[in-house]
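Make the full structure from the sequences, and use the hints.
Residue numbers (our numbering), protein chains in the order written: chain G, 1 to 170; chain F, 1 to 430; chain P, 1 to 160.
Hints listed in this document are in silico derivations from the structure and should not be mistaken for laboratory results.
Each residue gets a CB set at the ideal place from its N, CA and C atoms; glycine is no exception.
There's no promise every hint is true.
Cβ-to-Cβ under 7 Å is the rule here; a few derived chain G residues that face chain P [to be verified]: (1) Pro-146; (2) Leu-153; (3) Leu-162; (4) Pro-163.
Computed cross-link-like contacts, DSBU-like style, restricted to lysine-lysine with a CA-CA straight-line distance of at most 30 Å [to be verified]: (5) Lys-319(F) / Lys-334(F); (6) Lys-95(P) / Lys-145(P); (7) Lys-222(F) / Lys-49(P); (8) Lys-53(G) / Lys-404(F); (9) Lys-404(F) / Lys-92(G); (10) Lys-123(F) / Lys-404(F); (11) Lys-51(G) / Lys-7(G); (12) Lys-49(P) / Lys-219(F); (13) Lys-328(F) / Lys-93(F); (14) Lys-7(G) / Lys-48(G); (15) Lys-51(G) / Lys-123(F); (16) Lys-11(G) / Lys-123(F); (17) Lys-149(G) / Lys-328(F); (18) Lys-17(F) / Lys-29(F); (19) Lys-51(G) / Lys-404(F); (20) Lys-29(F) / Lys-51(G); (21) Lys-93(F) / Lys-149(G); (22) Lys-123(F) / Lys-93(F); (23) Lys-53(G) / Lys-245(F); (24) Lys-175(F) / Lys-219(F); (25) Lys-7(G) / Lys-53(G); (26) Lys-17(F) / Lys-149(G); (27) Lys-92(G) / Lys-123(F); (28) Lys-49(P) / Lys-175(F); (29) Lys-51(G) / Lys-245(F); (30) Lys-145(P) / Lys-211(F); (31) Lys-11(G) / Lys-53(G); (32) Lys-11(G) / Lys-48(G); (33) Lys-93(F) / Lys-92(G); (34) Lys-95(P) / Lys-175(F); (35) Lys-245(F) / Lys-48(G); (36) Lys-29(F) / Lys-7(G); (37) Lys-48(G) / Lys-92(G); (38) Lys-48(G) / Lys-29(F); (39) Lys-175(F) / Lys-149(G); (40) Lys-48(G) / Lys-404(F).
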Amino acid sequence: MDLELSKPLQKVVDGLTEDFSDKIIDVYQSSGDTFVRVEPDAIVNVCKSLKEKHHFIYLADILGADRFTAQERFEVIYNMVSLRDRERLFVKVWLEEESPRVDSVTAVWNSANWFERQAYDMFGITFNNHPDMRRIYMPEDFNYYPLRKEFPLLGIPGSIPLPTSTPDTE
Amino acid sequence: MDIKELKKVNDPKFFRKHQESLYRALEDKHTTVEVIDDEDPLNTRMILNMGPQHPATHGVLRLVLQLNGEFIEKAKLDIGYLHRGIEKVAENKTYQEFMPYTDRTDYLAPYSNNVAFCGAVEKIANVEVPERAHYIRMIGAELARISSHLLWLGTMVQDSGAVSFFLWTFREREKLYDIFDQIGGHRFTISHARIGGVANDLTSGAMALIKEFINTFPKELKDFHSLLDRNRIFYDRNEGVGVLKTEDALDYGATGPTLRGSGYAYDIRAISPYERYDEVEFEIPTRLEGDNLARYYVRMEEMHESIRIIRQCLDKLPKGPVRADNGKQAYPSKDEVYYSMEGMIHDFMMTDTGICPPDGSESFHSIEGPKGELGFFIQSDGTGHPWRMGIKSPSFANLQVLEKLLDGEMVADTVVMIGGVDPVMGDSDK
Amino acid sequence: MGIENALGDGYFTTKIDSLTNWARSNAAWPMPMGLACCAIEMMSFAAPKYDAARFGSEVMRFSPRQSDVMIVAGWVNYKMAHAVRRIWDQMPDPKWCIAMGACASTGGMHRCYGVVQGCDNFLPVDAYVSGCPPRPDALLHALMKIQDKIRTEHSVTLDS
Numbered sequence: 001m002d003l004e005l006s007k008p009l010q011k012v013v014d015g016l017t018e019d020f021s022d023k024i025i026d027v028y029q030s031s032g033d034t035f036v037r038v039e040p041d042a043i044v045n046v047c048k049s050l051k052e053k054h055h056f057i058y059l060a061d062i063l064g065a066d067r068f069t070a071q072e073r074f075e076v077i078y079n080m081v082s083l084r085d086r087e088r089l090f091v092k093v094w095l096e097e098e099s100p101r102v103d104s105v106t107a108v109w110n111s112a113n114w115f116e117r118q119a120y121d122m123f124g125i126t127f128n129n130h131p132d133m134r135r136i137y138m139p140e141d142f143n144y145y146p147l148r149k150e151f152p153l154l155g156i157p158g159s160i161p162l163p164t165s166t167p168d169t170e
Numbered sequence: 001m002d003i004k005e006l007k008k009v010n011d012p013k014f015f016r017k018h019q020e021s022l023y024r025a026l027e028d029k030h031t032t033v034e035v036i037d038d039e040d041p042l043n044t045r046m047i048l049n050m051g052p053q054h055p056a057t058h059g060v061l062r063l064v065l066q067l068n069g070e071f072i073e074k075a076k077l078d079i080g081y082l083h084r085g086i087e088k089v090a091e092n093k094t095y096q097e098f099m100p101y102t103d104r105t106d107y108l109a110p111y112s113n114n115v116a117f118c119g120a121v122e123k124i125a126n127v128e129v130p131e132r133a134h135y136i137r138m139i140g141a142e143l144a145r146i147s148s149h150l151l152w153l154g155t156m157v158q159d160s161g162a163v164s165f166f167l168w169t170f171r172e173r174e175k176l177y178d179i180f181d182q183i184g185g186h187r188f189t190i191s192h193a194r195i196g197g198v199a200n201d202l203t204s205g206a207m208a209l210i211k212e213f214i215n216t217f218p219k220e221l222k223d224f225h226s227l228l229d230r231n232r233i234f235y236d237r238n239e240g241v242g243v244l245k246t247e248d249a250l251d252y253g254a255t256g257p258t259l260r261g262s263g264y265a266y267d268i269r270a271i272s273p274y275e276r277y278d279e280v281e282f283e284i285p286t287r288l289e290g291d292n293l294a295r296y297y298v299r300m301e302e303m304h305e306s307i308r309i310i311r312q313c314l315d316k317l318p319k320g321p322v323r324a325d326n327g328k329q330a331y332p333s334k335d336e337v338y339y340s341m342e343g344m345i346h347d348f349m350m351t352d353t354g355i356c357p358p359d360g361s362e363s364f365h366s367i368e369g370p371k372g373e374l375g376f377f378i379q380s381d382g383t384g385h386p387w388r389m390g391i392k393s394p395s396f397a398n399l400q401v402l403e404k405l406l407d408g409e410m411v412a413d414t415v416v417m418i419g420g421v422d423p424v425m426g427d428s429d430k
Numbered sequence: 001m002g003i004e005n006a007l008g009d010g011y012f013t014t015k016i017d018s019l020t021n022w023a024r025s026n027a028a029w030p031m032p033m034g035l036a037c038c039a040i041e042m043m044s045f046a047a048p049k050y051d052a053a054r055f056g057s058e059v060m061r062f063s064p065r066q067s068d069v070m071i072v073a074g075w076v077n078y079k080m081a082h083a084v085r086r087i088w089d090q091m092p093d094p095k096w097c098i099a100m101g102a103c104a105s106t107g108g109m110h111r112c113y114g115v116v117q118g119c120d121n122f123l124p125v126d127a128y129v130s131g132c133p134p135r136p137d138a139l140l141h142a143l144m145k146i147q148d149k150i151r152t153e154h155s156v157t158l159d160s
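Written out as structure tokens, the structure reads:
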């Protein structure tokens, strides 16, 4: 791999490949940011080792994305910062389209709570062992996942009710 | 009260399933112990709904609080009352067309969001920005930071009871609006920054107004300090309220002044400098106490530091173009568009197709906005529209922290704590 | 009602009408439904430079029971629409509504699944203000138009 990683990040990647050699699928760089793709069943252990050994104690964001491919359609991207080395790392998992599930990392960072709810609301990715798996932006009565590519931009008429334009008579 | 009792007492007429699941989550929080009504004959336990429309919730934030007399036992936040789906809109627009949407996320400091977005696109598409544009963007971003903190100050102190503060800070904000009007033509949601630079240069009128502002504003800040710093009422309302320890702040993802008021000096301007922040000197105000008063001091000192940064930028402002020259990466200037064929074709292609970052590339760029770390994560598929635009909004993370902070406080402190954490709902409900 | 039948639209009833209209138009207290960026311009509209109090909108009453004009400032999304409608229903008659900004009037730049394309889909709007966000002067103009509308109301005279 011909990556130009900074020294701390190189140490992190070396440590990860040493501990989880069969679970790390890919390490690559894009526009100066480093991405590590791992198997979905190893994500909690990878995150725990990143937090404890390499000081990635600050989770900035968890994003969902829709790759719209036939295999492994959804991805979840974890954006974390190592405060000791002042470096940012992205960890990715790819999930199948049929009932995408991955373990929740709220046990590792408490800030993952709302971020995972957002991924669930927008894409339908369920997180196992999440303390509060509810929608966060759309109401619970809404039955679709808006950021999936097949959901139309203008919404589906009738999917969410408007108030009637006459006042209630009760 | 269990869920069946609740249904009899308040029958919600809209989004029934949503209300039920919210109240159920409130019950489940911290694993409940079964409460029998005999223990509570005076009915001191109640659920208070500070609904989405409320004068003090800084936008449409809904808090559902379970009270025991005056103490909040548990609190749940319900957000999403301002959700638009701009992440989906971004997938259908070119990068430049998306600029006005970024203005309206954190609508108290729109210039900062423009700078963040431009930085993100320039990073993924590898666009060189001229020096003068960097300094103009920094001046705009710091003015936006002052504007946002002034509004925070006015509304937080107004919610604590001192109503006239709101009028004074708005008088200062009007001066900032005049500056933005001279720079970009609009009072606050300007969309002045363009990918590759800025839209137009600072006129002499704008420069004069900025210089006048930085000369007169420190005196106004001193007046605000003298009114609040030793004010017994302000101190008692804010000291020891909403204490957030450093480990909790980092664990729950706090950002911006909320994190710096709890002791950790995490400021993107210093850690991974963007624009030309590594060439100006400034301090990062940090406090260790973690209560509301600490957050107040952090924001006031940040205003002082912003004035310092603007002064240095005005001294260092180099001469030169304000936008990149490459026709495929930035809009050509209006002269070229009107008087040369190439310019017109480039302008047309930029509007029609836009900048095309390389296929399969993804990048993340964040800035230190007034509320915290605002970041844009862009995945590109080679066309002029992004494939995925993820927005990391600071108010979303700070509201999560607020949900934790509210447990154990008094209900009268809710308003002051919301003011101290300073959420903007357009930012948190993308 | 006896008075209209007895006196029709003569001197007495029209004078009562002008009196009530004068009183109502010069004391139109707004209820700010400040949702988004337009709320900031609405705060400027109440702030010292573009003072709304000199037009009679002395205080912004956040309680719907105590206000006359509802200013919907910002985009309304489907989740919030029910809350806005409920607050509108709680306002006592006579009441008017200003849709401030492009987003409240027609959905504005937000042509997407979350935003109601215009709050007139569930509210009876009296004045629309264009702009994104409109200047406070534009909102003052809308307030003056509402005042003009109030002055043409017939509370006591019969419309024949």
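Structure-based check of each hint:
1. With 7 Å as the threshold, the beta carbon of Pro-146(G) comes within range of chain P, its nearest partner Cβ sitting at about 6 Å, so the hint holds.
2. Given the 7 Å rule on beta carbons, the hint for Leu-153(G) holds: about 6 Å separates it from the nearest Cβ of chain P.
3. With a cut of 7 Å, the hint placing Leu-162(G) at the interface with chain P holds, because the nearest CB-to-CB distance is about 6 Å.
4. Because the beta carbon of Pro-163(G) sits about 4 Å from the nearest beta carbon in chain P, less than 7 Å, this interface hint is met.
5. For the given pair, Lys-319(F) sits about 19 Å from Lys-334(F) by alpha-carbon distance, which is consistent with the 30 Å threshold.
6. Distance check on the hinted pair: Lys-95(P) and Lys-145(P) sit about 14 Å apart at the alpha-carbon level, within 30 Å; holds.
7. With a C-alpha separation of about 22 Å, the suggested pair Lys-222(F) and Lys-49(P) falls inside the 30 Å cut-off, and the hint holds.
8. Restraint check for Lys-53(G) and Lys-404(F): the C-alpha separation of about 27 Å stays at or below 30 Å, so the hint holds.
9. For the suggested pair Lys-404(F) and Lys-92(G), the alpha carbons sit about 28 Å apart, so the restraint of at most 30 Å is met.
10. A hinted pair counts as satisfied when its Cα atoms are at most 30 Å apart, and Lys-123(F) with Lys-404(F) does not qualify at roughly 35 Å.
11. With a C-alpha separation of about 18 Å, the suggested pairing of Lys-51(G) with Lys-7(G) holds against the 30 Å cut-off.
12. Using a Cα cut-off of 30 Å, the hinted pair Lys-49(P) and Lys-219(F) holds, with the two alpha carbons roughly 20 Å apart.
13. Between Lys-328(F) and Lys-93(F), the direct Cα distance comes to roughly 17 Å. Compliance with the 30 Å bound is thereby established for this hinted pair.
14. Under the criterion of a C-alpha separation no larger than 30 Å, the hint pairing Lys-7(G) with Lys-48(G) is consistent with the structure, at around 21 Å.
15. Of the supplied pair hints, the one linking Lys-51(G) and Lys-123(F) holds, its CA atoms being roughly 28 Å apart against a limit of 30 Å.
16. Our distance criterion of 30 Å between C-alpha atoms is met by Lys-11(G) and Lys-123(F), whose separation comes to about 25 Å.
17. Note on Lys-149(G) and Lys-328(F): the hinted pairing holds, with a Cα-Cα distance of about 28 Å set against a maximum of 30 Å.
18. For the given pair, Lys-17(F) sits about 18 Å from Lys-29(F) by alpha-carbon distance, which is consistent with the 30 Å threshold.
19. Proximity of Lys-51(G) to Lys-404(F) is assessed by CA-CA distance (about 22 Å); at most 30 Å being required, the pair is judged to hold.
20. A distance of roughly 26 Å separates the Cα atoms of Lys-29(F) and Lys-51(G); the hinted pair therefore holds under the 30 Å criterion.
21. Proximity of Lys-93(F) to Lys-149(G) is assessed by CA-CA distance (about 15 Å); at most 30 Å being required, the pair is judged to hold.
22. Between Lys-123(F) and Lys-93(F), the direct Cα distance comes to roughly 18 Å. Compliance with the 30 Å bound is thereby established for this hinted pair.
23. Of the pairs offered as hints, the one joining Lys-53(G) and Lys-245(F) holds, with about 22 Å between alpha carbons and a cut-off of 30 Å not exceeded.
24. At roughly 14 Å between alpha-carbon atoms, Lys-175(F) and Lys-219(F) fall within 30 Å of each other, so this suggested pair holds.
25. For the hint linking Lys-7(G) to Lys-53(G), the alpha-carbon distance of about 15 Å falls within 30 Å, and the restraint holds.
26. Of the pairs offered as hints, the one joining Lys-17(F) and Lys-149(G) holds, with about 26 Å between alpha carbons and a cut-off of 30 Å not exceeded.
27. At most 30 Å may separate the alpha-carbon atoms for a hinted pair to count; Lys-92(G) and Lys-123(F) meet this at roughly 20 Å.
28. Using a Cα cut-off of 30 Å, the hinted pair Lys-49(P) and Lys-175(F) holds, with the two alpha carbons roughly 10 Å apart.
29. Taking the CA atoms of Lys-51(G) and Lys-245(F), the gap is about 19 Å. The hint holds against a cut of 30 Å.
30. At roughly 39 Å between alpha-carbon atoms, Lys-145(P) and Lys-211(F) are farther apart than 30 Å, so this suggested pair is violated.
31. Restraint check for Lys-11(G) and Lys-53(G): the C-alpha separation of about 11 Å stays at or below 30 Å, so the hint holds.
32. Taking the CA atoms of Lys-11(G) and Lys-48(G), the gap is about 16 Å. The hint holds against a cut of 30 Å.
33. For the given pair, Lys-93(F) sits about 26 Å from Lys-92(G) by alpha-carbon distance, which is consistent with the 30 Å threshold.
34. The suggested pairing of Lys-95(P) with Lys-175(F) is violated, with an alpha-carbon distance near 35 Å, which exceeds 30 Å.
35. The hinted pair formed by Lys-245(F) and Lys-48(G) meets the criterion: a straight-line CA distance of about 22 Å does not exceed 30 Å.
36. Distance hint between Lys-29(F) and Lys-7(G) is unfulfilled; the C-alpha atoms sit about 43 Å from each other, more than 30 Å.
37. Of the pairs offered as hints, the one joining Lys-48(G) and Lys-92(G) holds, with about 15 Å between alpha carbons and a cut-off of 30 Å not exceeded.
38. With a CA separation close to 25 Å, the supplied pair Lys-48(G) and Lys-29(F) stays within the 30 Å bound.
39. Taken as a hint, the Lys-175(F) and Lys-149(G) pair is broken in the structure, with Cα atoms around 45 Å apart against an allowance of 30 Å.
40. A C-alpha spacing of about 23 Å is found between Lys-48(G) and Lys-404(F), which places the hinted pair at or below 30 Å, so the restraint holds.
The structure is inconsistent with the numbered hints 10, 30, 34, 36 and 39, although it conforms to all the rest.
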